[in-house]
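There are 2 protein chains.
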Amino acid sequence: MEELTISNRMSGLNPSAIREILKVTTNSNVISFAAGNPAEETFPVSELKELAVELFQKHGFMALQYGLTEGYAPLIEQIRLRLREKYAIGRSMDKVMILSGGQQGLDLSAKCLLNEGDTVLCEAYSFIGALNTFRSYGARPVGIPMDEEGMDPDALELALRREKNVRLIYTIPTFQNPMGVTMSFARRKRIYELAVRYNVMILEDSPYFELRYSGSYVPAIKTLDETGHVIYVGSFSKVISPGLRVGFLCTRSDLVSKLVVAKQGADVQTPLLTQMLVSSYLERYDLDAHIEDCRALYKEKRDRMISRMEACFPDPATFTRPAGGLFLWCEIPENISGTAFCKAAGERGVVCVPGGTFHPSGDLKSPCFRLNYSMPSLKQIDQGIDILADCLSAILP
Amino acid sequence: MEELTISNRMSGLNPSAIREILKVTTNSNVISFAAGNPAEETFPVSELKELAVELFQKHGFMALQYGLTEGYAPLIEQIRLRLREKYAIGRSMDKVMILSGGQQGLDLSAKCLLNEGDTVLCEAYSFIGALNTFRSYGARPVGIPMDEEGMDPDALELALRREKNVRLIYTIPTFQNPMGVTMSFARRKRIYELAVRYNVMILEDSPYFELRYSGSYVPAIKTLDETGHVIYVGSFSKVISPGLRVGFLCTRSDLVSKLVVAKQGADVQTPLLTQMLVSSYLERYDLDAHIEDCRALYKEKRDRMISRMEACFPDPATFTRPAGGLFLWCEIPENISGTAFCKAAGERGVVCVPGGTFHPSGDLKSPCFRLNYSMPSLKQIDQGIDILADCLSAILP
Chain A
1 MEELTISNRM SGLNPSAIRE ILKVTTNSNV ISFAAGNPAE ETFPVSELKE LAVELFQKHG
61 FMALQYGLTE GYAPLIEQIR LRLREKYAIG RSMDKVMILS GGQQGLDLSA KCLLNEGDTV
121 LCEAYSFIGA LNTFRSYGAR PVGIPMDEEG MDPDALELAL RREKNVRLIY TIPTFQNPMG
181 VTMSFARRKR IYELAVRYNV MILEDSPYFE LRYSGSYVPA IKTLDETGHV IYVGSFSKVI
241 SPGLRVGFLC TRSDLVSKLV VAKQGADVQT PLLTQMLVSS YLERYDLDAH IEDCRALYKE
301 KRDRMISRME ACFPDPATFT RPAGGLFLWC EIPENISGTA FCKAAGERGV VCVPGGTFHP
361 SGDLKSPCFR LNYSMPSLKQ IDQGIDILAD CLSAILP
Chain B
1 MEELTISNRM SGLNPSAIRE ILKVTTNSNV ISFAAGNPAE ETFPVSELKE LAVELFQKHG
61 FMALQYGLTE GYAPLIEQIR LRLREKYAIG RSMDKVMILS GGQQGLDLSA KCLLNEGDTV
121 LCEAYSFIGA LNTFRSYGAR PVGIPMDEEG MDPDALELAL RREKNVRLIY TIPTFQNPMG
181 VTMSFARRKR IYELAVRYNV MILEDSPYFE LRYSGSYVPA IKTLDETGHV IYVGSFSKVI
241 SPGLRVGFLC TRSDLVSKLV VAKQGADVQT PLLTQMLVSS YLERYDLDAH IEDCRALYKE
301 KRDRMISRME ACFPDPATFT RPAGGLFLWC EIPENISGTA FCKAAGERGV VCVPGGTFHP
361 SGDLKSPCFR LNYSMPSLKQ IDQGIDILAD CLSAILP
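Which chain is which? The protein sequence lines are A and B, in order.
Residues in the first sequence are numbered consecutively from 1, following our numbering.
Residues in the second sequence are numbered consecutively from 1, following our numbering.
Treat the hints loosely; a few may be bogus.
Which copy is meant is left open, because identical chains are indistinguishable; a pair holds if it fits in one copy or across any two.
What the hints assert, rightly or not - Calculated lysine-lysine pairs in the DSS-like style (CA-CA distance at most 30 Å, straight line): (1) Lys86 to Lys299; (2) Lys379 to Lys58; (3) Lys299 to Lys58; (4) Lys164 to Lys189; (5) Lys379 to Lys95; (6) Lys58 to Lys164; (7) Lys189 to Lys86; (8) Lys189 to Lys379; (9) Lys95 to Lys299; (10) Lys86 to Lys49; (11) Lys58 to Lys343; (12) Lys58 to Lys365.
I should point out that these hints are in silico values taken from the structure, not numbers from a laboratory.
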């Protein structure tokens, strides 16, 4: 065969390290802290089964036919109301559209807003799926340092002045992936003001924000948006099911029109069956009560992981104490590469993701790694953290 | 609000005229020949309901969790075997991956193969969803004339020599959308040989090929592919359900690896629920018997539309007699624009799509239009064709 010539935008991109790691961790002896999966025990399987039966009985033909690209109208309205009434997200200038998972919101936004060579400012470290999507449109992600309040606004402003063709600020303000940090409300205000002043759009990615286990609620950046500078992306993946692939976004309606054109070319529409299942679930059941159950489960797991780490991790390792979400972040001394550490841990049967995977500039030596606590059992958390502590002690001076 | 700046690749793209037309035709008094929808009465609603119940009972947690980007392994294997054994598609160099509908195969292929400014050679006229996808990556579709055997290979070769940076030949060889033409096997061979000689990939889009109502089976271009020059895209949209959004492609495995990376960024994966439903359907039921039923239904509709057109369309209008698929194509005298004609017909309550919509160069005046016969009832076909004949008589000299 002739050698294959891949487009410039895609030729440098490789499979997500995480999804590749996940292929390995189907081995049941392995303790995986690598995934970003919600726990299966939270999935409302029997509720969805009943709803599916009813749906096929009452609206089977509609569920199997083509539908509108922007999404199933009743679901759009349910989401619009929920966002507006519960979270003060969305104004009259805004519209909601349905996505095939939150990831599609990042993809369509990048496609509609970024030219080749444009810069996207994002948290360092950030979600690999977003970074790769920006790269796949020829854009360049540039990392802004974070502290315990989130993205540093002074560094952000410097970058807004210094970097060329900045078109987008990408942020996961609440329970950030991978670092578990939540941006303070004061920071959200400053970052929104900077976006307005420099006329740059903010892509606010918010898949985890309803999974809070402690601390108090911080309103979304989108709640501040009077000027049409924020695209808010949400998802049912972490609170109902990721396998259904139903997400949504809310932003100014002229941008939604363009995103709908992009979605026509991407996948025509999200399956009506999965949209209608989510819509029936929202109508019939109390999502907030279900989220309370998820929170209780994940809080126990988070607390268990943190207390075990506090008890047995050697001193030079530091880690975040996230108030919610699925991840925490561990930093180790500068001279130890996260990749080397994760390799050593993997050989002892514990899988975690090297921090460098999430670095906007792709620095694989970063001395840090990400741990997920939603998937493993309490027992696995105990065993896995003990092994990681052993590995750290062995590797540390 | 500040004016929105859309990326160069998307700024010129507007909503698909067809999907916009479809929004209008939800009015039940309108007779629509505009859609590309399969007939609802072909959807196996009760079978899928039973399968969904079983699926939630036995594999509910798996169906709702994340899965591999390349697709649900048993479904990949079912498709691989069906393509190989029934249609001689796929060699050892090839792999199958699952798509969120066939459209996603066009999108991912364009993303991985086309640079901005590249040329895609395609049939004139061609599928608007494909043309817009190529445009959305900054590529330029160039139309190759067709005759009753499909794309003209001499014109294709001229274009391969003349046009700059030709990276892709896009074709719907069987029951082409919009023209209803099927490419002869001799043509398929010549076009494949040209692709090899000029080292250009062929994107073979084949959503309709199992819906044959007359004439004899013509093997796919992919059956000839010994050199890894063909991407074969298929779908269950026209033979099971479009709303499920389950498609697939088959091509050389190194390209599949890259397409999987692109899919990670696009939507992570196709919903496991819909993939597993299709997989169970293929396992439990006889898809070929179901396709026979679809064929019988559509054959009757096609025959009805053609005989009615033969009986009452005025002479200067000519039209194709497709051997399968969902569409036929009508040409009217040069001095009448298809857009003006469709507007006049729309005012009489019959909707069809102006030919110009499908022109690679976007010439909206083209004297032609597309008719769909899978959606309307026999009665609607009779009434609608009579009205179109009236409109034609009124507009013709």
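The hints, checked one at a time:
In this homomeric assembly, Lys86 and Lys299 come within 30 Å of each other (Cα to Cα) only inside a single copy, at 22 Å, whereas the closest approach across copies is 53 Å. Taking the shortest alpha-carbon separations for Lys379 and Lys58, only the inter-copy value of 26 Å comes in at or below 30 Å, while the best intra-copy value is 44 Å. Taking identical chains as interchangeable, the C-alpha atoms of Lys299 and Lys58 lie at most 30 Å apart only when they sit on different chains, with a minimum of 29 Å there against 39 Å within one chain. In this assembly of identical chains, the alpha carbons of Lys164 and Lys189 lie at most 30 Å apart only when taken from the same copy (24 Å versus 49 Å across copies).
With identical chains, the CA atoms of Lys379 and Lys95 are never at most 30 Å apart, being 45 Å at best within one copy and 39 Å at best between copies. Neither within a single protomer nor between protomers do Lys58 and Lys164 lie at most 30 Å apart by alpha-carbon distance, with minima of 54 Å and 54 Å respectively. In this homomeric assembly, Lys189 and Lys86 come within 30 Å of each other (Cα to Cα) only inside a single copy, at 20 Å, whereas the closest approach across copies is 61 Å. Neither within a single protomer nor between protomers do Lys189 and Lys379 lie at most 30 Å apart by alpha-carbon distance, with minima of 41 Å and 61 Å respectively.
When the C-alpha separation of Lys95 and Lys299 is checked against a cutoff of 30 Å, the pair qualifies neither within a copy, at 33 Å, nor between copies, at 42 Å. For the identical chains of this complex, Lys86 and Lys49 are intra-copy neighbours only, at 28 Å inside a copy versus 34 Å across copies, given an alpha-carbon limit of 30 Å. With identical chains, the CA atoms of Lys58 and Lys343 are never at most 30 Å apart, being 52 Å at best within one copy and 36 Å at best between copies. For the identical chains of this complex, Lys58 and Lys365 are neighbours neither inside a copy (56 Å) nor across copies (43 Å), given an alpha-carbon limit of 30 Å.
Violated hints for the displayed structure, listed by number in ascending order: 5, 6, 8, 9, 11 and 12.
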